[in-house]
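Number of protein chains: 4
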Amino acid sequence: MNEMSNSNLIDRTLWSLRRAWRDVAGAAKDGDLSGILHPDLPEADQDLVRRRIELCVSGTGGEVSARARAADLGRGYLALNALGRERFLRIVANELGTERRTVDIAIEAYRSAGNDDERDRAQSELRQALESPRIKLFTQFNGLPEGIKFLVEMRADLLPLARGDAAMAAMDRDLKQLLATWFDVGFLNLQRIHWQSPAALLEKLIAYEAVHQIRSWDDLKNRLDSDRRCFAFFHPRMPDEPLIFVEVALVTGISDNIHTLLDESMPAEDPHKADTAIFYSISNCQRGLAGVSFGDFLIKRVVDDLTGHFHNLKNFATLSPIPGFMKWLSEAEEAGGAELLKPVEAEKLAQLVDDTKLTDVLARPDWIQDEALVSLLEAPLLRLCAHYLLNEKRHEYARDRVGHFHLSNGARVERINWRANVSKAGMTQSAGMMVNYRYKLEDIEANHEAYRGKGQVAASTAVKRLLRL
Amino acid sequence: MNEMSNSNLIDRTLWSLRRAWRDVAGAAKDGDLSGILHPDLPEADQDLVRRRIELCVSGTGGEVSARARAADLGRGYLALNALGRERFLRIVANELGTERRTVDIAIEAYRSAGNDDERDRAQSELRQALESPRIKLFTQFNGLPEGIKFLVEMRADLLPLARGDAAMAAMDRDLKQLLATWFDVGFLNLQRIHWQSPAALLEKLIAYEAVHQIRSWDDLKNRLDSDRRCFAFFHPRMPDEPLIFVEVALVTGISDNIHTLLDESMPAEDPHKADTAIFYSISNCQRGLAGVSFGDFLIKRVVDDLTGHFHNLKNFATLSPIPGFMKWLSEAEEAGGAELLKPVEAEKLAQLVDDTKLTDVLARPDWIQDEALVSLLEAPLLRLCAHYLLNEKRHEYARDRVGHFHLSNGARVERINWRANVSKAGMTQSAGMMVNYRYKLEDIEANHEAYRGKGQVAASTAVKRLLRL
Amino acid sequence: MNEMSNSNLIDRTLWSLRRAWRDVAGAAKDGDLSGILHPDLPEADQDLVRRRIELCVSGTGGEVSARARAADLGRGYLALNALGRERFLRIVANELGTERRTVDIAIEAYRSAGNDDERDRAQSELRQALESPRIKLFTQFNGLPEGIKFLVEMRADLLPLARGDAAMAAMDRDLKQLLATWFDVGFLNLQRIHWQSPAALLEKLIAYEAVHQIRSWDDLKNRLDSDRRCFAFFHPRMPDEPLIFVEVALVTGISDNIHTLLDESMPAEDPHKADTAIFYSISNCQRGLAGVSFGDFLIKRVVDDLTGHFHNLKNFATLSPIPGFMKWLSEAEEAGGAELLKPVEAEKLAQLVDDTKLTDVLARPDWIQDEALVSLLEAPLLRLCAHYLLNEKRHEYARDRVGHFHLSNGARVERINWRANVSKAGMTQSAGMMVNYRYKLEDIEANHEAYRGKGQVAASTAVKRLLRL
Amino acid sequence: MNEMSNSNLIDRTLWSLRRAWRDVAGAAKDGDLSGILHPDLPEADQDLVRRRIELCVSGTGGEVSARARAADLGRGYLALNALGRERFLRIVANELGTERRTVDIAIEAYRSAGNDDERDRAQSELRQALESPRIKLFTQFNGLPEGIKFLVEMRADLLPLARGDAAMAAMDRDLKQLLATWFDVGFLNLQRIHWQSPAALLEKLIAYEAVHQIRSWDDLKNRLDSDRRCFAFFHPRMPDEPLIFVEVALVTGISDNIHTLLDESMPAEDPHKADTAIFYSISNCQRGLAGVSFGDFLIKRVVDDLTGHFHNLKNFATLSPIPGFMKWLSEAEEAGGAELLKPVEAEKLAQLVDDTKLTDVLARPDWIQDEALVSLLEAPLLRLCAHYLLNEKRHEYARDRVGHFHLSNGARVERINWRANVSKAGMTQSAGMMVNYRYKLEDIEANHEAYRGKGQVAASTAVKRLLRL
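Residue numbers (the working numbering), protein chains in the order written: chain D, 2 to 470; chain X, 2 to 470; chain H, 2 to 470; chain Z, 2 to 470.
Check the hints yourself; a few may be wrong.
Note that identical chains are pooled: a pair holds if it fits in a single copy or bridges any two copies.
Only pairs whose alpha carbons sit at most 27 Å apart, straight line, appear in this in silico DSSO-like list of lysine-lysine [as the list claims (entries may be wrong)]:
no.	residue 1	residue 2
1	K274	K358
2	K137	K455
3	K455	K274
4	K465	K274
5	K315	K425
6	K274	K425
7	K343	K455
8	K394	K465
9	K137	K177
10	K315	K137
11	K455	K358
12	K328	K274
13	K177	K315
14	K222	K177
Rather than coming from a laboratory, the hints here were simulated on the basis of the structure.
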């Protein structure tokens with residue numbers, strides 16, 4: 002599996018696009034851009050690209066022809082290397098923005114509107130003036146076979162270039178807005194993924210899984226066993242590309258350990274007896290859809306689907322990583338960590354190890370195997386983690402990004418689990434701890450409101466009590 | 002078949018929506034609007050609707066909850082009668098428009114932007130300020146099962162109300178813009194319809210056929226025979242609803258008579274020997290998508306599909322009605338018809354009939370059976386028709402709406418056919434004449450440009466010669 | 002609908018076979034039989050056919066080649082007319098029977114077998130000797146596209162010829178045996194048919210419906226409404242051809258009138274509230290499968306499917322015709338009808354009409370509208386009908402063929418319904434009466450055993466009481 | 002992959018059957034055999050089984066009930082261990098054979114038949130008498146969900162027991178005959194298998210591949226690349242179980258080396274440029290279908306499919322193992338191998354190695370790396386191999402079983418390839434050699450006839466020449 006990486010898959014994606022468009026582009030009489038352009042898109046080639054873009058946007062020869070030309074442009078883009086693509090995108094960003102003069106005129110008309118009716122009309126026109134011509138170009142790409150996939154890939158190219166570049170960022174806002182409209186959750190299909198799914202799709206799960214790496218096809222098969230569920234959202238025009246997927250375990254009681262959950266040697270349990278659904282991994286698959294969110298709907302729809310099939314389910318919870326805990330801890334200690342440990346804890350620690358800083362202790366390899374250290378650290382780390390999850394904020398909201406996601410969706414912090422993930426990643430991120438966020442269906446709305454409105458973090462009594470210890 | 006009307010089908014559509022949403026709406030804790038509202042939506046009920054809309058648009062309780070509430074609102078809407086719906090739409094139009102103050106502030110910010118970067122950002126904000134909250138509400142409806150169908154139906158309700166009503170018209174522009182984005186041709190599936198298609202779908206063809214009425218299931222079956230093709234565009238989220246469909250006959254030579262084409266007693270020919278594809282009927286199916294066009298793409302895609310399957314096809318043409326000819330003729334005669342007929346023609350006519358006006362002659366029942374009249378009128382009517390199609394304009398473009406559609410797509414006027422449709426409708430619209438528009442693939446772009454740019458109508462030599470006779 | 006008949010459909014079937022086999026047969030190097038043979042298959046052509054059959058059966062050139070030759074033979078068969086086909090079948094019957102000498106030898110070997118093992122082996126060989134070579138030919142036809150359909154059609158041709166013709170009858174037994182193995186219920190798919198089904202399939206329901214003629218597409222649509230169900234068995238290799246179908250109404254209480262059941266103007270009821278499933282029509286579709294029975298499995302499987310979906314269903318019953326009642330009555334009267342009516346009934350009848358025979362009265366047009374007659378005849382006719390259904394036998398079993406079918410399956414005679422079907426057919430067959438057979442799930446086995454073993458007819462108390470009145 | 006074995010998969014198959022039948026069997030009122038029987042099926046339990054079998058075969062309570070009982074019996078069977086199953090099968094073999102008395106009576110009737118008609122009828126009855134009741138039981142199992150899979154598995158259990166056991170062998174003949182009828186090639190679907198196929202299916206390819214082991218999912222993916230094809234036959238009632246599959250490489254020129262063919266690091270070629278299809282692996286998947294052949298049809302159908310898609314294909318050939326070569330060589334040497342090598346060859350060999358026997362030389366590890374030995378042995382081994390393939394017979398036909406398969410299908414021996422498979426298996430079977438069998442479409446019939454009729458092996462001139470060297 003090691004050699005199959007995300008970028009490999011994306012390369013293949015683009016290759017398939019190129020092939021799919023070959024014939025379409027053949028229809029464009031103006032010749033075949035992809036065979037002409039230098040991969041770097043040097044100055045000398047840029048004028049040609051400019052003229053072709055102009056032909057598309059002006060709609061010369063009718064929309065049908067314009068879309069055939071867009072296919073050729075798209076093929077040209079795909080044949081470029083990273084530098085060439087940046088240059089291509091810059092042309093679009095610079096030359097297909099809104100025209101300032103048109104906007105100014107429309108604003109003037111709006112301001113001088115005499116009555117409501119005139120203002121309504123002027124508003125429509127102002128809105129149109131603000132719609133940049135590149136939106137039209139993007140839409141033309143959509144008419145191609147797999148065109149929407151092309152746009153998603155193009156945005157993946159654009160995103161890193163948009164940081165700190167106003168023109169590129171403006172174009173990114175346009176493209177994101179368009180994609181958000183097209184990827185409205187109303188258009189997405191929720192699909193169950195199982196061992197009967199195409200290998201070509203399962204291979205993508207392996208590549209895209211971002212939380213707990215899928216180590217082999219056997220590991221994957223275990224995650225699709227009869228007491229497991231996996232669901233993904235798909236767009237009808239990208240049927241082979243999952244947008245986001247979630248892995249669920251149907252178990253008895255809320256799970257407290259990821260190793261047990263992923264142990265291939267454990268026999269499958271009868272899912273109809275399960276009382277709890279554990280969402281143990283949620284992965285976004287498309288970098289080009291960053292900021293277009295459907296995670297909350299995914300959870301809601303999966304809960305609906307599961308309750309329809311398994312009548313004994315009572316609890317819905319996650320078993321989640323705490324990606325920012327150690328980083329926060331280190332910063333806190335840096336900033337004067339004296340108060341992190343209680344004096345008595347610090348004292349006991351000093352008897353065991355030479356390190357004076359808690360993070361140094363936690364950096365020791367294999368401290369988690371040292372029972373003396375473990376029994377000493379458990380209480381303070383759980384407390385610190387509860388503090389981190391419940392009280393540490395960034396712009397009013399939970400500092401932890403996974404926490405922020407689930408709290409926004411109306412979950413509460415249910416339980417912090419000690420020695421729940423002792424893999425290297427788990428130790429590095431959160432000293433081996435994991436957290437359950439729980440979705441109590443009757444509290445979701447209220448939790449959401451309290452969190453979005455006042456940044457208030459819902460938590461179980463048990464977790465709150467940790468703070469007070 | 003008579004009793005199955007478009008409105009019947011739509012009623013059933015709405016009923017199915019209501020049923021599909023029952024459970025979704027059940028999730029909304031605020032109760033069930035559809036059971037509460039009076040069908041008229043009197044003053045007393047409007048406040049409740051206002052509050053519910055407000056809850057949706059504010060996103061209270063999170064997007065997931067908001068969409069559950071939108072389901073309930075939608076169900077409420079469907080339970081209203083025509084008056085109630087008008088009132089409902091008026092609330093949305095009046096209260097969910099853009100807020101003038103917000104727009105004014107955003108304009109101010111834009112005008113005072115110091116540099117390009119600031120202006121880019123201000124522009125984005127201005128655009129957002131101009132996006133009315135009802136767009137959000139419409140989008141929430143889209144999240145429902147068959148939500149997009151609901152929006153199409155709602156626009157069908159809205160369209161007649163928007164004529165001459167600025168607020169409603171502004172809302173219609175919003176809704177149309179949203180639907181145009183969602184019904185981008187890139188998302189549509191071209192699907193062949195045949196006798197193996199579901200009866201429930203075929204029934205809709207019968208209801209929606211707008212050019213040559215389908216008289217019975219046998220008539221329909223004949224139109225789906227082996228030497229016929231029928232294609233429709235579908236949206237992936239409205240898989241049971243054709244958006245537009247075209248009926249094609251695969252024949253030898255360009256057809257000149259609709260009765261022959263639709264004759265059920267004619268045996269099917271071998272389509273692989275056909276050299277000509279005749280597009281003899283194109284019907285839009287969704288009133289709610291008026292102004293969102295995909296007809297040109299439909300023709301292009303069907304031509305592509307046919308050439309892929311039938312290698313002997315050389316000609317692509319229509320056999321089209323001329324819906325505005327008689328109306329124009331009558332207006333022209335009213336305005337001084339003396340010049341319509343040449344003196345010698347007028348003279349001969351006077352010998353045969355008492356009527357002094359040409360339109361009076363054409364209004365006689367069964368004149369088309371009177372061989373003397375027919376042989377006398379054929380030449381002048383063909384000439385007049387050629388004049389009408391080639392020279393009569395409305396805002397620079399062809400006056401005839403069917404003509405305008407095909408000329409915009411790059412076709413040319415190929416031939417005018419005498420006694421081509423002697424049904425009542427054919428006689429009333431165009432004195433029994435029909436016209437072939439021909440798509441010569443190599444001329445489409447040039448024809449389109451000449452027509453869109455200068456209103457220039459492409460025509461065959463034969464048709465041009467008619468003018469000179 | 003009138004012009005679409007069963008035979009039309011079958012003709013089209015054969016035409017499609019011919020087309021499907023064109024290419025396959027092209028592979029047979031021996032030339033194309035269908036282009037050579039005279040439709041009558043005169044003496045002169047029969048030798049050619051004989052030689053070709055010989056080549057197939059001998060397997061010359063390998064099985065793959067033999068099947069290609071069989072395609073050509075099959076195509077030849079399809080090009081023959083009725084006379085030609087009879088001659089073709091006679092060749093197969095006469096020349097591909099078992100060889101008497103081979104059988105005799107095998108019998109001798111069996112009889113002289115020394116021990117069990119030898120006998121086992123000899124038995125196998127005897128069985129093989131008894132397997133006629135035409136079985137091999139039939140099997141080769143099966144390898145063709147739609148080959149099994151061809152065999153079903155061929156048996157439909159054969160059946161009438163097999164009556165009273167020993168050789169043809171022997172061949173029919175072979176073919177029937179083969180088809181029975183291939184159409185084992187284990188291979189059949191139960192499929193629901195609804196308004197979403199292909200028109201090409203629904204058209205076949207219209208043609209095949211044998212109990213209550215489907216008058217129009219609207220009538221059909223009504224029978225597929227939300228409170229109706231239609232199920233059919235299909236063979237995986239004949240996916241477009243229903244083998245048998247049943248129409249079911251989901252109602253409250255056991256229906257007593259077919260007109261009400263089929264009334265298109267009645268609104269659909271909520272099927273989830275229904276307590277009764279009425280099987281009101283069962284039609285076999287393939288003449289060529291006569292004697293291969295799956296009706297009992299159909300009812301069982303449909304009951305299973307319905308109970309899975311509709312939890313309020315408590316009763317399963319038919320509303321059935323009584324096809325043989327009037328015939329029996331007429332024969333009974335002929336044979337001395339004095340006892341059919343009680344003296345007092347006969348007396349009253351004599352006061353109303355001149356006819357002395359009951360069947361003459363029942364032959365009067367519109368007697369069913371004559372309230373005096375109706376009220377007089379109701380009691381005796383119900384009694385006579387109960388007698389007919391419960392007591393009249395043919396070879397130990399119920400004389401009525403519909404009755405025999407349901408009683409064999411374990412149903413009981415539940416109720417006789419007066420004026421239940423006053424159509425011409427209903428009056429002619431059963432004086433307007435219909436009967437409910439009821440499937441009480443817990444009694445099916447016992448009823449079946451009692452009926453199959455002792456010809457004992459199960460009946461409700463109410464029906465038994467009719468006998469005693 | 003190592004731990005996933007064929008028997009694992011079959012265990013899972015049976016488990017799924019057990020689950021599928023749970024509900025069906027629930028319907029059988031007689032209780033649940035699988036919960037009652039001891040896995041060994043000791044004497045004490047056998048009577049119960051006998052009674053249940055009797056109930057099935059007698060059809061008590063009707064066929065529908067009988068099949069429900071058969072489900073229960075089947076479930077009982079699946080719960081038994083190997084010993085229990087043997088005992089179960091023995092009961093069926095011993096008690097459900099044909100009844101001798103019945104057969105004797107039928108024979109008597111046949112012998113005393115007075116005329117053809119009587120004989121025809123008597124023949125039918127004799128055939129029926131010879132049909133053992135267990136056929137009925139097997140057919141009843143077929144009515145269950147996945148019943149046919151059950152029968153295939155049951156035959157896999159039966160096959161080893163039938164060797165040298167007359168009663169079991171007789172039952173095996175019955176079961177095989179039934180399966181041969183049901184698995185007639187006319188019912189099978191040819192399906193392409195690719196990387197979009199379900200993982201659950203691909204996993205079976207890995208398990209069933211019998212010629213060149215599939216080492217990993219990456220290896221498998223390589224075999225399904227764009228210049229490779231894989232096809233399998235499926236039965237419509239066992240859609241998840243391939244019956245036989247073939248792996249094909251689309252290449253230029255006839256391949257001479259399996260390592261090159263399976264090399265994952267080689268880039269895929271453009272299959273549309275390929276002139277040769279190499280069938281490099283054919284694997285039967287179902288032990289229970291031993292003796293039911295469809296390999297020849299598979300090759301024919303795949304050739305048809307490929308030629309339809311790839312118009313440059315001119316050659317169809319295999320790259321096949323020679324499984325029996327070394328065994329024959331060893332036997333030949335044992336029996337007096339003096340003549341295997343020519344004197345001059347033997348002399349040279351003696352100079353290089355001490356071994357006096359050729360097979361001892363070939364048993365040396367890594368001799369294939371010793372260039373001196375290799376160059377010495379190439380000529381004689383190719384000659385010996387040609388002799389083995391062309392001249393060595395068993396019952397008139399080619400001794401090599403792979404050779405026999407392709408020669409029966411009409412192929413010829415095209416080329417023997419030196420150092421074509423130097424894996425351990427390749428060295429052990431055939432001293433690293435492989436052979437191409439070539440299917441020249443125009444010679445297939447003649448080759449088949451010459452081989453089947455006279456055991457004549459077709460070969461290319463090049464191979465024949467090897468013999469003469």
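Run the structure past the numbered hints and jot down the numbers of the failing ones, going up.
Hint check: 1, 3, 4, 5, 6, 7, 10, 11, 12, 13, 14 fail, others pass.
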